[in-house]
Every structure is written in C-alpha cells, then in structure tokens.
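J.: Chain residues, written in single-letter form:
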Amino acid sequence: MSDISIQEQAAKAKAQTGDVLARTRANRWRVDLAGYGFLLPFLIAYALFLIWPAILMLRMSFFNWSLDGHGTTDFLGLANYGEVLSDPSFWQALWNTIVFTVISTPALVIISFILALLVNRAIPAKGVFRTIFFAPFIIPVSVVTIIWSWLYEPGFGLINGTLAEIGIQNGPNWLTQPGLAMIAIVILTVWWTVGFNFVLYLSGMQQISRDLYDAASIDGAGGWARTRWITIPLLGRITLMIVILQIIASLQVFGQIYLLTAGGPNFSTRPVIQYIYESGFSTFRVGFASAMSFIFFILVAVISAVWFSILQRQQRGNN
Amino acid sequence: MATYSVGQARRARAARIRSNRPLRDRLANTGAFILLIILAIIWIIPLLWTIDTAFKPEGETTIVPLTWFSAHFNVDAFVKTINSTSLPTWYFNSFITSAIITILTVILSSMAAFALSRVPFRGRGILFWIILAGIMIPGTVLIVPLFTEMQSFGLVDTWWGIILPQIASPIAVFIFKQFFDGIPHELEEAAIMDGASRWRVYWQIWMPLSRAAIAAVAIFTFVISWNNFIWPFIVITGNDMMTIPVGLATVQTSYGIRYAQIMASAILACLPVLIVFIFFQRQIVQGIAGTGLKE
Chain S
0 MSDISIQEQA AKAKAQTGDV LARTRANRWR VDLAGYGFLL PFLIAYALFL
50 IWPAILMLRM SFFNWSLDGH GTTDFLGLAN YGEVLSDPSF WQALWNTIVF
100 TVISTPALVI ISFILALLVN RAIPAKGVFR TIFFAPFIIP VSVVTIIWSW
150 LYEPGFGLIN GTLAEIGIQN GPNWLTQPGL AMIAIVILTV WWTVGFNFVL
200 YLSGMQQISR DLYDAASIDG AGGWARTRWI TIPLLGRITL MIVILQIIAS
250 LQVFGQIYLL TAGGPNFSTR PVIQYIYESG FSTFRVGFAS AMSFIFFILV
300 AVISAVWFSI LQRQQRGNN
Chain Y
0 MATYSVGQAR RARAARIRSN RPLRDRLANT GAFILLIILA IIWIIPLLWT
50 IDTAFKPEGE TTIVPLTWFS AHFNVDAFVK TINSTSLPTW YFNSFITSAI
100 ITILTVILSS MAAFALSRVP FRGRGILFWI ILAGIMIPGT VLIVPLFTEM
150 QSFGLVDTWW GIILPQIASP IAVFIFKQFF DGIPHELEEA AIMDGASRWR
200 VYWQIWMPLS RAAIAAVAIF TFVISWNNFI WPFIVITGND MMTIPVGLAT
250 VQTSYGIRYA QIMASAILAC LPVLIVFIFF QRQIVQGIAG TGLKE
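If you're matching them up, the sequences are chains S and Y in order. Position one of the first sequence corresponds to residue 0 (numbering that gives the first Met the number 0), numbered consecutively onward. Position one of the second sequence corresponds to residue 0 (numbering that gives the first Met the number 0), numbered consecutively onward.
Derived by calculation from the structure, the hints in this document are not laboratory data. Please note: incorrect hints may appear among the correct ones.
What the hints assert, rightly or not - Chain S is faced by these chain Y residues, among others (derived, beta-carbon under 8 Å):
id	residue
1	LEU65
2	THR147
3	ILE170
4	VAL172
5	TYR258
Unchecked claim - Computed cross-link-like contacts, DMTMM-like style, restricted to lysine to aspartate or glutamate with a CA-CA straight-line distance of at most 25 Å:
id	chain 1	residue 1	chain 2	residue 2
6	S	LYS125	Y	ASP24
7	Y	LYS79	Y	GLU59
8	Y	LYS79	S	ASP218
9	Y	LYS79	Y	ASP239
10	Y	LYS79	Y	ASP51
Here a beta-carbon is modelled for each residue, glycine too, at the ideal position from N, C-alpha and C.
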C-alpha cells in the first residue's frame, strides 16, 4: 500500500516538475501573485504609516504649514530649514540630546555588561536576579517618573532623606539644579532600561561554549583574563548592535525628560523631540516642526548608515 | 635534562592551577553573588519605597526624618484612587489597543515574512531591503506628520488613531523571516506536491510551527505598545480615551501633594503588566534576545 502511494507521489512529482518546466512563464506569474498577495497587507500599512508620513513631513517642511490648516499653500522654500539652523533653541535642544546620549550610552552598555557578567557566573537564584534587573523595563514611563520624582523630592524624598541619615544635610535639588537634572535623568534611565541590554548580553554570554573557559583556565587564565580574552571579543558583534540601538534610542529621548523636568530648569534638559513636539503642538507650527524633524531624521539616518557599514565590514572580516 | 625539568615544572604548575581553580572560582562566585545581592537591593528599593508610601496614611508620607515603618499602614490610598480616577477606563483602552496592535502586527508581519522567506517572486530582494530600511526610520520624528494624517482621516482621539500607526513593524518582519529561514524546505515542498495552496501552507504548516516566534513577537509587541507614551499622548485628547501611561501622566499634577494616592495609582497602573511579565518572562526575554542575536 504505502509503497504504491510513494511511487504514485514520485510519479506525480515528476509530472508536476514537467508541468513547471513546460509552463514556466505562467508559473512565474502565479508565484509573483502569491508573493505580492502575502506582502500586500503589510505594504499597505507600511506605505500609509511610515512612508507617507515621511513624505508628508518633507512636504510640510517647505510650507508655512500650521496645525489648524493655515498656510498650507504658503510656500517658503528652505526658509523653515534656515530658521531651524539659526535657532539657538534648536541647537540647545540638540546639545542636550547629545549630552544625554553621550552620558547614557556608555553607562547603559557598561552596566548591563557587568550585570550580565555577574549573573552569568555559577551562582544561585539566577532567575531572580534576571527578573529584578529586567522588571523596570516593562514599567510605563509615567510610572517610572512618578517613582523617581518621589525619590528625588528635595525635602522628604528617599535619596536626600538617606543622605541626611549619613550626615549630609540639605541634599541637592536634583531636578531643579542645571547640570544635576541631566544626571538625575540619566540615573532614572539606567535603572529603567538597563534590563534590555542586560538580557541581550546575557543570552549572548550563554551561547559561548563552556569548553573555551575551561581550556583557558587550564592554561592558567584567571577570571579577568577569561573575560578580557574570551567574553569581550566574542560579544563584539552584540556590543556593536547594543551600542547603536542604544544611541538611536537615546537620541529619541522624550517621555522621561518631559515628565520629570519638562525640559527644565531653563530648558537645560529639553531634548530635540520635545522641541519638535512643542513647535508642532503648542505653537502649531507644523511646517517648522517638520523641518526640524527632517534634519533630526537625517542625523539619525547617518548614524544608522555608519553602523550598517561597520557591521558589514565586520561580517566580511569574520568570513 | 633542561627541557625535561621545564616540562616537569609546567606540569606541576598546571596541576597547581587545577587544584586552586575551584577555590579561586568559588571565591569569585561568592564575591559576585554578594555584589549582585547589593545591586539587586538597590534596584528594588525604588519599588519598595513606592509600595511603602502607598500604604502609609497621607499625613505620614512627608515626615522628616523619613521612616520605612508606619504604625498605621492601610489601603485607603488604593481605595481612593480606584474611586476617583479613570484607571479602569484607561486600562480598558490600553488593553484593547495593545491587543489589536499585537494581533495585526503578528498577522501582517508573519505574512510578509512568509513571502520574503518562502515565495521566490520577482523583486523580493529589493522589497526586503525597502522593509529593512524602515527599521532605520526613528518613529518619534514622524509624530507631527502622523498627527496631521490622523487628522485628515478623522482618527484623532480614537482607538484606531492609536492603533494604526503602530502596526507596520519592520522589526517583526525581520524576526519572523529569521525564524522562517531556519525551517527546512522539505515540509512545504511535500505539501505543495499534494496540491496545497500557498495560503494553506502558511496557515496550516507555517503558523503552527512558528508558535515560539509568534509568542515572542506578540508579547514583545504587546509590552512595547502598552508602554508607548509619546504617540497616544499626542493623538489622544480626551480623558476617556487615554491609555494607562498617558492617563497616569495627568495624575501627578491633579493630585497635588497626596503622595500615598499618587504611589497607589502608580502601583495599580503597573501591577497587571508586572504579573504578566512574571508568567511570560521567558518569552519576553527570548523575544528581546531574538531581535538581536539571530542576524
């Protein structure tokens, strides 16, 4: 029975292959149709909510476009771009964003690496530690800022209260002192999001063969040498990816700053996205906001492109 | 003679290292464990302090010097929060929008990935690159034109206004494609030989096989959209349409200095997600690891 059916299937397959060869052209059209059929729903959403807004952004940036519909035909050419580039508020917002990115990225990469390194050792309760370090990542930003503005509260917050316990009276006003406010935001961000990178590192470390470490130990390599010469090089690709994802995420910072300091004191923490938001939705100048968005988009795209080329060079190097 | 003694010395040294290694490693592990306990305590103190405050009577939240203990711990703040805010409505909005975003993302991106991975149609390579390039578009720079677009669709202050801009996820396509690329060809070839349509291959073979990838993408998408702040914050204006993150952002200002109530609302807002997280931890973690590791 089964022999016959297998033979039948083989014959059928042979006949079908013949068919395919005979009707290649018709078949190719069928394959194309199937392919685009499956892609269509995604492509529609992609075109409507990613490509079209990007085009709309470009178009609005050339007009004196206002949120209430005024000025949609008032063509300005590159005037919006000129205004953005000569606007000190834009440069300050860009500077704040870069400061945040430059401080938070190394902190988030190095701390997540150290946490993963520690949890990856032969210690008890690994799962508990993983849960604790990752859990803040799934808390909504508004809850995170509620928790931390309470901790940072100058009069009866936990941080200054604890400082008072150990003899430092009158701790600083964390959120209203220029310079310190940005540090406070970075600390919150590390607590909140380090778990994401930590999980990436941890799963990367778990893929490294134990044999490598055992062999290194027999050759006399201590804990630090093993980390330096095995773990770090083998996690190079993941590190590169974490770094660039982190840079892109940090450049887009908005929620925690907006809710914690509203960009203050005196705009010293206001990031670009908040300035875009305020230009578009507080002063209704969506044309101006679009020009700023586009400039910022180019900046992020250039960084991404640099990342891609580094990644590809590295991949070629590995092969 | 000389070489012999060097060899002997090396062997002796190796033996010494081997016998020392367990002790040295055990010491290092103990050190790591202690350090981790300290770090873990630092990590959960903000949460513990929040819980502590929420159970204190309002009058005791601002006592200096501060104490962790109160003789009058109670649930008043929780009761008042539930009665006086729109938390249940916000919950409902968050749940509905996140669930629809998740379902649509899984369907759209798995179908697209199936085509890119399994259907050898013309233009496949270019389309893959076009979709991949979408990962590079930072979503936050599109807020202004997206809002204008939603305005022209009449979707401002609606669930669909929240949902639609979040369903085209190139990264989800990427994750599914990675997964599909790893499944052997034989299965579908046999099915096609038997005359199954591509739709049936996708629906009856691929989807059941991809349960792990679906779970990872679904849970990850759900958490991300549940926590999305900036987009609902912009597209929603009415209190009744707010999601949890947006609604909660208004709580802080409206409560003034009633800290116990603010903390209670914060706890109520993140508790369900934390519980879900504890149950689905493995899938969430895999979903995140999947975005990065399988290149």
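J.: Each hint needs a verdict: does it hold in this structure or not?
T.: Okay, the hints, checked on the actual structure:
For LEU65 (chain Y), the interface hint holds, since its Cβ comes within 8 Å of a Cβ in chain S; the closest pair sits about 4 Å apart. Proximity of THR147 (chain Y) to chain S holds as hinted, the smallest CB-CB distance being about 6 Å (cut-off 8 Å). Given the 8 Å rule on beta carbons, the hint for ILE170 (chain Y) is violated: about 10 Å separates it from the nearest Cβ of chain S. Interface restraint check for VAL172 (chain Y): the shortest CB-CB distance to chain S comes to about 7 Å, inside 8 Å, so the restraint holds.
Contact between TYR258 (chain Y) and chain S, as hinted, is supported at the beta carbon level, the nearest pair being about 6 Å apart and thus within 8 Å. In summary, the hint linking LYS125 (chain S) to ASP24 (chain Y) is supported, as the alpha carbons are separated by about 17 Å, within the 25 Å threshold. Between LYS79 (chain Y) and GLU59 (chain Y) the alpha-carbon distance is near 17 Å, which keeps this suggested pair within the 25 Å criterion. Distance check on the hinted pair: LYS79 (chain Y) and ASP218 (chain S) sit about 65 Å apart at the alpha-carbon level, beyond 25 Å; violated.
This hinted pair checks out: LYS79 (chain Y) and ASP239 (chain Y) have alpha carbons roughly 19 Å apart, not beyond 25 Å. Simply put, LYS79 (chain Y) and ASP51 (chain Y) have alpha-carbon atoms about 17 Å apart, close enough for the 25 Å limit, and the pair holds.
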